[in-house]
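Given the coordinates of chain R, assemble chains F, P and S onto it according to the supplied hints.
Protein chains in written order, with our numbering: chain R, 103 to 531; chain F, 103 to 531; chain P, 103 to 531; chain S, 103 to 531.
Source of the hints: derived by calculation from the structure; they are not laboratory data.
Some clues are possibly wrong.
Restricting the straight-line Cα-Cα distance to at most 25 Å, the calculated cross-link-like pairs of lysine to aspartate or glutamate (DMTMM-like) are [stated by the list, open to error]: (1) 125/S with 373/P; (2) 421/P with 431/F; (3) 434/S with 413/R; (4) 421/R with 373/S; (5) 279/F with 373/F; (6) 125/S with 511/P; (7) 125/P with 373/S; (8) 125/F with 379/R; (9) 434/P with 415/F; (10) 421/S with 424/R; (11) 434/R with 424/S; (12) 125/R with 511/F.
Because the structure is a prediction, the values reported are computed rather than measured.
There are 4 protein chains.
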Amino acid sequence: MIDEEIDFSIERLGDCCFPSPMKGVRFIGDRGRLLYHSRYEEIQPLINASKDLPAFELAGPRERIFFNPVDISCGIVTCGGLCPGINDVIRAVTLSLYHHYGVRRIYGFRYGYEGLVKRLGNTPLVLTPDVVNQIGELGGTILASSRGPQEPAEMVDYLEELGVTILFAIGGDGTLKGAGKIAGEAARRGRHISVIGIPKTIDNDISFIQTTFGFETAVAEAHRAIYAAHTEATGARNGVGLVKLMGRDSGFIAAHSTLINSQVNFCLAPEVPFTLEGLLRNLNERLTQRGHAVIAVAEGAGQELLATTMERDASGNFKLGDIGTYLREAIKEHFANTGMEINLKYIDPSYIIRSQPANPHDSAFCLLLGHNAVHAGMSGRTNMMVGFWNHQFTHVPINLATRQRKKIDPEGWLWSSILASTGQPRELI
Amino acid sequence: MIDEEIDFSIERLGDCCFPSPMKGVRFIGDRGRLLYHSRYEEIQPLINASKDLPAFELAGPRERIFFNPVDISCGIVTCGGLCPGINDVIRAVTLSLYHHYGVRRIYGFRYGYEGLVKRLGNTPLVLTPDVVNQIGELGGTILASSRGPQEPAEMVDYLEELGVTILFAIGGDGTLKGAGKIAGEAARRGRHISVIGIPKTIDNDISFIQTTFGFETAVAEAHRAIYAAHTEATGARNGVGLVKLMGRDSGFIAAHSTLINSQVNFCLAPEVPFTLEGLLRNLNERLTQRGHAVIAVAEGAGQELLATTMERDASGNFKLGDIGTYLREAIKEHFANTGMEINLKYIDPSYIIRSQPANPHDSAFCLLLGHNAVHAGMSGRTNMMVGFWNHQFTHVPINLATRQRKKIDPEGWLWSSILASTGQPRELI
Amino acid sequence: MIDEEIDFSIERLGDCCFPSPMKGVRFIGDRGRLLYHSRYEEIQPLINASKDLPAFELAGPRERIFFNPVDISCGIVTCGGLCPGINDVIRAVTLSLYHHYGVRRIYGFRYGYEGLVKRLGNTPLVLTPDVVNQIGELGGTILASSRGPQEPAEMVDYLEELGVTILFAIGGDGTLKGAGKIAGEAARRGRHISVIGIPKTIDNDISFIQTTFGFETAVAEAHRAIYAAHTEATGARNGVGLVKLMGRDSGFIAAHSTLINSQVNFCLAPEVPFTLEGLLRNLNERLTQRGHAVIAVAEGAGQELLATTMERDASGNFKLGDIGTYLREAIKEHFANTGMEINLKYIDPSYIIRSQPANPHDSAFCLLLGHNAVHAGMSGRTNMMVGFWNHQFTHVPINLATRQRKKIDPEGWLWSSILASTGQPRELI
Amino acid sequence: MIDEEIDFSIERLGDCCFPSPMKGVRFIGDRGRLLYHSRYEEIQPLINASKDLPAFELAGPRERIFFNPVDISCGIVTCGGLCPGINDVIRAVTLSLYHHYGVRRIYGFRYGYEGLVKRLGNTPLVLTPDVVNQIGELGGTILASSRGPQEPAEMVDYLEELGVTILFAIGGDGTLKGAGKIAGEAARRGRHISVIGIPKTIDNDISFIQTTFGFETAVAEAHRAIYAAHTEATGARNGVGLVKLMGRDSGFIAAHSTLINSQVNFCLAPEVPFTLEGLLRNLNERLTQRGHAVIAVAEGAGQELLATTMERDASGNFKLGDIGTYLREAIKEHFANTGMEINLKYIDPSYIIRSQPANPHDSAFCLLLGHNAVHAGMSGRTNMMVGFWNHQFTHVPINLATRQRKKIDPEGWLWSSILASTGQPRELI
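Bound-form chain R, shown alone (with noise of 0.2 Å):
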């Protein structure tokens, strides 16, 4: 639930003074809002008190624009780690500057906001519909990607060098505040340059925004290692399946993934606590009934059974205990010291999930997405992110998109299916 004072309205540059040349295209009016709520339930109470209703501005091209087209450059900016769809947006965005908008100087950073720090060296790839049109073929990233902060200050210099007035930032929760800092640091000096944020997780963890690009593709390959695991479970006696996913803060591949023919049995997720002793005697039921047993576990689960440091990672992410083998361990410890003699296969597929190009959907989701981007960038709108919310494109401002990582409601629809999809009781202790 939000709280009633959060601000959804968007910054923007100035007035748009110039004529879209789009042609043939439905431009979007600036008035046009969707609602934040979708239960009646929840927007009566609104109603009947007179108070407003929560909406996001509605993404789309608008008739009027704040840059000349054939004035500007632009630039996109890849950070963090993979995700299905990377190169299907750089597509995107590069191809409806270029068609739509007549742009001509499109600059790829490289590596991450590194490639925004001139004296490190990178000189960012030129951009063109012959560069970028069959990369959406490809998983990864053509920029290269880095993670971590750099100075705002450096970045604008080297943006204001280059004549830079549209930057697409492709990243998750810190690629979005280094974003608002850039859009910041651009307004403190007076500089017309729009920070337009395109959200990246492969976690789908970024509030305000009901599904993110690459995810669905991450779903149905985390699934292949589920599909593998439930197939060794069966094909031995007291087989068990055990699969480590990604997930840091929120298990929705872990879930979503368990959705998928119903093959998993466990499904560990960071939101939903559980102890060894619980998991183990239900595993144990679970075995003696049925003969064996497939777990997922999101990477961020059962935390608290383990011993961490606060380390952190160059994205300032504490890092994780190692839950996947710690529950490898430990479960075989447990059945070799019952006597029950059990095939427990562990398999952790990694890097493979989110190293794939963007399925059919997600490479759609991408062409819209991108579309979306440039629109905003080009109506003067910055320290923004596109978002999607009920099937449609949306305008979200940065600071409200990482106020907080969105999270599975353990009370919520989608844990209550996971329930009734494994059969695993409601508390695992």
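Structure of chains F, P and S alone, referenced to chain R:
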């Protein structure tokens, strides 16, 4: 836009006297409603006029249920054309009835509504977890299907004889209408038979449901044909790839597969008329400038160009003229006349698209759809179908769902995105 | 069976005066020979009669080479229809020339042999590692193709002008014959131009080569159509799935895809005549007993049933009559007459099959094929193609390879396996 | 090179007194032999010395058979680790026994050789066409498996009790040896029990068979991990992708997946020793020159670098040290010491590779393999396995097949191609 008198209320067989045997899940209260509208500007006038906001009843498990699961028999029937995911739905319904509620007699009627007519001699399959466990890996329907209606009285006779009190009908527009008639006949006889529709339409053209199962799989498969057309077109001088895709009344498959990798230059849908001259003129221009072109045409597009009969098929649909071969010949003839040598490759993937197993996304969607259908039936709802709206499952009265086909709005975001992606003019005339 | 006078010897431009710059690899001696025969009973009479055993020259890198790599230019041309893996071959040839031998001028001729005719105005692409690095992910050919011959004199003129001393011609029967003529014309002029054919035939119908690249990918794709046909056939009462597959003169694609999962009940190949009556009688029997049937028909099968013209296409092949639609109509009419209601679904996957990227197996095969073609060219071989026999790469004289099409032997193990898998009678008459 | 005294002759239970019930197929004469050698230079000295040419007996259906199919029971057992295609083989054997020969009692023994020991209480499954029809779509084995030997006497006791006269044993080296012991025990007792081995080894390391089923599927799946490693490596500065693949004693999976798309820069196999220093020095050079690198290491490679125990697993194999994590840490430490910042991503796809369903090629191969196993058993062959040599199926005495593991020849064409593809030096020392 819907008119204001629409009735979203769901028919119920009576009070729920039994506690649900489900453990651990979150039960849905009967008052949960999901707003039909999502745009602020649609809802504001209704608020100002103090009108009710149209809203769907939410789907999900209820704390109290109408039927005593240990007493009842249930039935499943699959009608109409194939669609990826039917077996996943059969599986989800069977497993939910069995494991969530403890139902032990589940019939799979064979060959569509024909299987509900006793005199035709189709003995139903008995469905158990063992029978359905692996069927999600297979395309098609293990129950087989047929087209066209049967006599409601005969069908209710057989349901009564078998003691079936919940019937799940998986099918499209005609199937849902048939389900409504069965519900009506049962009501007329004062029998407590719940009839729950599960919407199946590869064309995604059922109203009041944002996405139907199998659609994503179908779009991905359609894209394979487009990929081939694009490969052929770029592999020869003045290559033209022409692909005919499903879509009788609604061009959703053609439109969504056009958005993948933007390889399509002309997307032709039933909702947006075009002239042969307009198409040929623009095609000529494209070939002259770029040396190749890809055309995706929905089977129902351009029917006004063809001299069609008024024949109907077994499902009562008008037989379409073959726009694919018409365009193939017309394009060949045109360029033969103008003296430009072209290389046209025509691809009609037809049944390949609908026969595939569901992709992981659709498979998970089918699981949830099936579960929610069972919850609806067990709670005594009837004469309704399960819908999906704003990422949540809903209850939709059958007569609402079948009022009219869902179509692409030529003024909406989807078609606008098609124009932006293809570069084709708004009017191909 | 081959006649005894066949000449397996390979034409060479001259002595090899330069040391190979390749490091670390195993060089192949020039005397390595691979037996044509593999059966003891074939070889014993030759031994008894003290005759030579027919054998291919082995392919592979030579310690001494004919051309000085730093001096030369090479060219690649792709002709005829698409086939999975062409880009992999282009890539392998380019990378081997560049990295293994240090060749720095590599031309990619565009649009088949048309690209070798200067007056047609097709400037060749310049191929470098950067250009070809990722093309293996794409179907088709980045060089584009055309059908039909060009004048050898004109082509050799252009090769001479560009200084091309090794030409790699990727194509089928006609392309190889054309390559032979180029080699002949160069020899007539006393020019040291090596012409190396790389056999490409999706039908797998080139003699003296056991498998051609792309064939496995094509068979896998063909199986998708058969899968769909089977799914449709089992999904309806008296369902008949009819699939038309590639195979003008040789039914290898139909045969091999029939062996996958044994879903085909009648496999029809050009090599094995059948009558319509025979097919219909057996189909009727199958439907009566099992309720569904799947038919896979190669496009060249049953031509004797059709009234065909004697027209030829640009490649000089006779235009085939359409056996697919002929059977579709004949079967429908037959059962309409007999009063048995059937559900026939016709699938013609056509170009989808040949436009896919190579699967991993074919991709690796293309790599080795391309490498061996380069080794052959660098060693001054000419007027030959690279073959594959008994899991090893060979040199095959072009006039041997083009003597006759490879066909299914109706008395051999493949067709016997088809009969065993389908259960169809040996004679469908 | 094989020594000359090798005995290729196949053991037979007795004379074939019954006519085969198979219709239409081509029967194989008992004198058909397939040459072991394929190179002229190997065979010429034998001819000169008037020695016998070593040759396999050809597999295939015989006109007369040993068993009367209507009388007998048959059994199938699957042992050892999973491999793509096991279910296809079970299916092919069952369908061939049933449809080709009319056998009506087919037992599927569960959990490997444990299922042949009655006192362990595993009731065999009864296999029918209905049971096996769709199992080719599933990975793993429907019969489940176990490792390690059982007492031959106990197993023959149970076979006798059940009246099983042909046993098909699907497994690797240990399984084949076990099969040989069963055959021996039956012979000792004077019982006519045919034991036919069907070679299963994901490592492709069984001698006298050129390809084993599932190998291509495994290589394609392994390539997905390499693709991910390459994507990660190119997506970061000094990216290193490190992939551990199956291959205890033979590096065929690593080698063949290295040949796909040439994304691997260092391929490490058990057959080719390397030093850590050699690898690191070359890796450093590669990173300095190209900025990224991909390493594929077979699990059995570099064992001499590890301090390993001499423990054995249930199959009797030595437990390997973990070369993957060893290299990961060693590389990280090395570059930390040298001060070069690298981004290493480690991928261990492990069980994902062997759990997939067979790809179309392997599926067809399994069909033919299963058919030929049945033909061999029905003809009274025993103590043999079905092989594949020079594109033809053969009979191989079990003691020949299990004499030694097949390995990559570091002087042969495969490793030479690896060197040519990766550019790695012949000696990584």
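So, going through the hints one by one against the coordinates:
1. About 20 Å separates the Cα atoms of residue 125/S and residue 373/P, which keeps this hinted pair within 25 Å; it holds.
2. Pair hint residue 421/P plus residue 431/F holds up; C-alpha atoms about 17 Å apart against a cutoff of 25 Å.
3. In summary, the hint linking residue 434/S to residue 413/R is supported, as the alpha carbons are separated by about 18 Å, within the 25 Å threshold.
4. Of the supplied pair hints, the one linking residue 421/R and residue 373/S is violated, its CA atoms being roughly 38 Å apart against a limit of 25 Å.
5. Under the criterion of a C-alpha separation no larger than 25 Å, the hint pairing residue 279/F with residue 373/F is consistent with the structure, at around 24 Å.
6. A distance of roughly 18 Å separates the Cα atoms of residue 125/S and residue 511/P; the hinted pair therefore holds under the 25 Å criterion.
7. Between residue 125/P and residue 373/S the CA atoms are separated by roughly 20 Å; this keeps the pair inside 25 Å, and the hint holds.
8. With a C-alpha separation of about 21 Å, the suggested pair residue 125/F and residue 379/R falls inside the 25 Å cut-off, and the hint holds.
9. The hinted pair formed by residue 434/P and residue 415/F meets the criterion: a straight-line CA distance of about 15 Å does not exceed 25 Å.
10. A distance of roughly 24 Å separates the Cα atoms of residue 421/S and residue 424/R; the hinted pair therefore holds under the 25 Å criterion.
11. Between the alpha carbons of residue 434/R and residue 424/S the distance comes to roughly 19 Å, so the proposed pair stays at or under 25 Å and holds.
12. Annotation: proposed proximity of residue 125/R to residue 511/F holds, straight-line Cα distance about 18 Å (limit 25 Å).
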